[in-house]
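Colleague: The primary structure of each chain is shown beneath.
Number of protein chains: 2
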Amino acid sequence: MNLKDKNENYTSVRIVMVNTTEPGNIGAAARAMKNMNLSKLYLVNPKGYPSAAATARASGADDVLSNAVVCDSLQEALNGTGLVIGASARQRSVKWRQMDVVGACIEIQKAYSTNSLESAVVFGTEKFGLTNKELDLCHILMTIPGNPDYFSLNVASAIQVFSYQNLVYNTDTEFDNEKSKVSSFGELESFYEHLAQVLEHIDYFEENKPKELLMRRLRRFFNRAEPEKEEIAILRGILKDIKPFEKQ
Amino acid sequence: MNLKDKNENYTSVRIVMVNTTEPGNIGAAARAMKNMNLSKLYLVNPKGYPSAAATARASGADDVLSNAVVCDSLQEALNGTGLVIGASARQRSVKWRQMDVVGACIEIQKAYSTNSLESAVVFGTEKFGLTNKELDLCHILMTIPGNPDYFSLNVASAIQVFSYQNLVYNTDTEFDNEKSKVSSFGELESFYEHLAQVLEHIDYFEENKPKELLMRRLRRFFNRAEPEKEEIAILRGILKDIKPFEKQ
Numbered sequence: 004m005n006l007k008d009k010n011e012n013y014t015s016v017r018i019v020m021v022n023t024t025e026p027g028n029i030g031a032a033a034r035a036m037k038n039m040n041l042s043k044l045y046l047v048n049p050k051g052y053p054s055a056a057a058t059a060r061a062s063g064a065d066d067v068l069s070n071a072v073v074c075d076s077l078q079e080a081l082n083g084t085g086l087v088i089g090a091s092a093r094q095r096s097v098k099w100r101q102m103d104v105v106g107a108c109i110e111i112q113k114a115y116s117t118n119s120l121e122s123a124v125v126f127g128t129e130k131f132g133l134t135n136k137e138l139d140l141c142h143i144l145m146t147i148p149g150n151p152d153y154f155s156l157n158v159a160s161a162i163q164v165f166s167y168q169n170l171v172y173n174t175d176t177e178f179d180n181e182k183s184k185v186s187s188f189g190e191l192e193s194f195y196e197h198l199a200q201v202l203e204h205i206d207y208f209e210e211n212k213p214k215e216l217l218m219r220r221l222r223r224f225f226n227r228a229e230p231e232k233e234e235i236a237i238l239r240g241i242l243k244d245i246k247p248f249e250k251q
Numbered sequence: 004m005n006l007k008d009k010n011e012n013y014t015s016v017r018i019v020m021v022n023t024t025e026p027g028n029i030g031a032a033a034r035a036m037k038n039m040n041l042s043k044l045y046l047v048n049p050k051g052y053p054s055a056a057a058t059a060r061a062s063g064a065d066d067v068l069s070n071a072v073v074c075d076s077l078q079e080a081l082n083g084t085g086l087v088i089g090a091s092a093r094q095r096s097v098k099w100r101q102m103d104v105v106g107a108c109i110e111i112q113k114a115y116s117t118n119s120l121e122s123a124v125v126f127g128t129e130k131f132g133l134t135n136k137e138l139d140l141c142h143i144l145m146t147i148p149g150n151p152d153y154f155s156l157n158v159a160s161a162i163q164v165f166s167y168q169n170l171v172y173n174t175d176t177e178f179d180n181e182k183s184k185v186s187s188f189g190e191l192e193s194f195y196e197h198l199a200q201v202l203e204h205i206d207y208f209e210e211n212k213p214k215e216l217l218m219r220r221l222r223r224f225f226n227r228a229e230p231e232k233e234e235i236a237i238l239r240g241i242l243k244d245i246k247p248f249e250k251q
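Those protein sequence lines, which keep their order, are chains A and B. Take the first sequence: its letter number 9 is residue 12 in our numbering, and every next letter is one higher. Take the second sequence: its letter number 26 is residue 29 in our numbering, and every next letter is one higher.
Chain A with its partners taken away, still in its complex shape (with noise of 0.2 Å):
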């Protein structure tokens, strides 16, 4: 698998935790974060950090830990952003521009190329999320969807989950199944002929296994499946070996 970055806005995004209750839940929000690519951590008032639990949670990113800013309001933990994106998992009667998470990832990516701008997503304490006058502060509702019946999403799962669809969208994934190793037309075509000499050879065909109809169905079932060059060596080499049976 190789990911191309198509953006690298990667520096652009600032995640910001507010009033966090639970240290715990900052290092794993840390580990989440480097593990899409994402450094810049800023907590206001953090309760009891820092801590051993934020350590030991952040398991290797603790370099994101010990860059983070320790601020003492939101207005604080916002300076020199251009966009502010508020989290929230449930549904807010009042009017914020709303979208989900997709949607701000382009948000994101319009400020920064078109602007240079860095931009914020903030998200609440563990129990209520963000306050009404913290979300006044936000250009941008983002709401991550989910179960209607139980929202109950811990804040560095929800900060998991912007993550990976910040890096899912700045990057195209491409996966080493290289188009040459497919056989080709040719070389399928060849195994075919061989495969139907081999039952011949074996007297596999009958009349009531003929031999057309079967080497449809085996083709058909060995077009399916897509077979690598390698693969088609493999099972030549089995035809090889195959031997009629002695029959009795």
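Think of the hints as simulated: they come from the structure by calculation, not from any bench. Treat the hints with care, as some may be off.
A pair counts as met if it fits within one copy or between any two copies, since identical chains are not told apart.
Pairs of lysine-lysine residues, derived as DSS-like cross-links and limited to a Cα-Cα distance of at most 30 Å, are as follows [said to hold, decoys possible]:
#: 1; residue 1: 7; residue 2: 184
#: 2; residue 1: 136; residue 2: 212
#: 3; residue 1: 130; residue 2: 43
#: 4; residue 1: 136; residue 2: 50
#: 5; residue 1: 9; residue 2: 43
#: 6; residue 1: 243; residue 2: 232
#: 7; residue 1: 7; residue 2: 232
#: 8; residue 1: 113; residue 2: 7
#: 9; residue 1: 113; residue 2: 232
#: 10; residue 1: 7; residue 2: 130
#: 11; residue 1: 113; residue 2: 243
#: 12; residue 1: 232; residue 2: 184
#: 13; residue 1: 184; residue 2: 43
#: 14; residue 1: 212; residue 2: 232
#: 15; residue 1: 113; residue 2: 136
Let chain A serve as the given structure and place chain B on it in line with the hints.
Modeller: Chain B only, in chain A's frame:
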């Protein structure tokens, strides 16, 4: 926000956790699943389970946990499924059929809609993921894209990412930004006329602040905000109360 379920395939998806060493991760996985409408959890030889740590992290998703099926082998956990997808965070050199998370969700829906097949998505141990022997039982290798220099996705986070992507793939999200609330052309024109009158009234326009130019800039500004009916009503209320400023 309204979610419209397109496919209703949630009950066709089984999450399988193999040899999980940390029971807290099982609870976090149950919570991640329930948030995204999934409920079928299978546990192969979970260490130290059941445990208080699992229940604590499940946080309201205890029904998923109490319905979880504990198995002695991966084979047992896969009984009854038609499509088996192994999850991996890192690239594998051996050649399984690889795809990303969206690709896996497409295959799950295909299996469900064409043959009513149940699918399993299998997650390995925290430290090493799935072994090659376990992957041999899988039809597809699902790779979660991420930072090439640091890939250490927590197993519950990986389940969160898959479950989120599966929900997004299977739902249409609609926001309550109803078109009818947006002001009509006529309402906006009438507002601009009112605005121009008030600005004349307070002697705002001058030779170096020409009416035509400034009204064009104001129109551009207000149009970009796509004002809703209610917002135009608020703005007109303000205009009504504006008194000419006594020139000194």
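Colleague: Taking the numbered hints from earlier one at a time, note which ones the structure violates and give those numbers from smallest to largest.
Modeller: Numbers 2, 11 and 13, in rising order.
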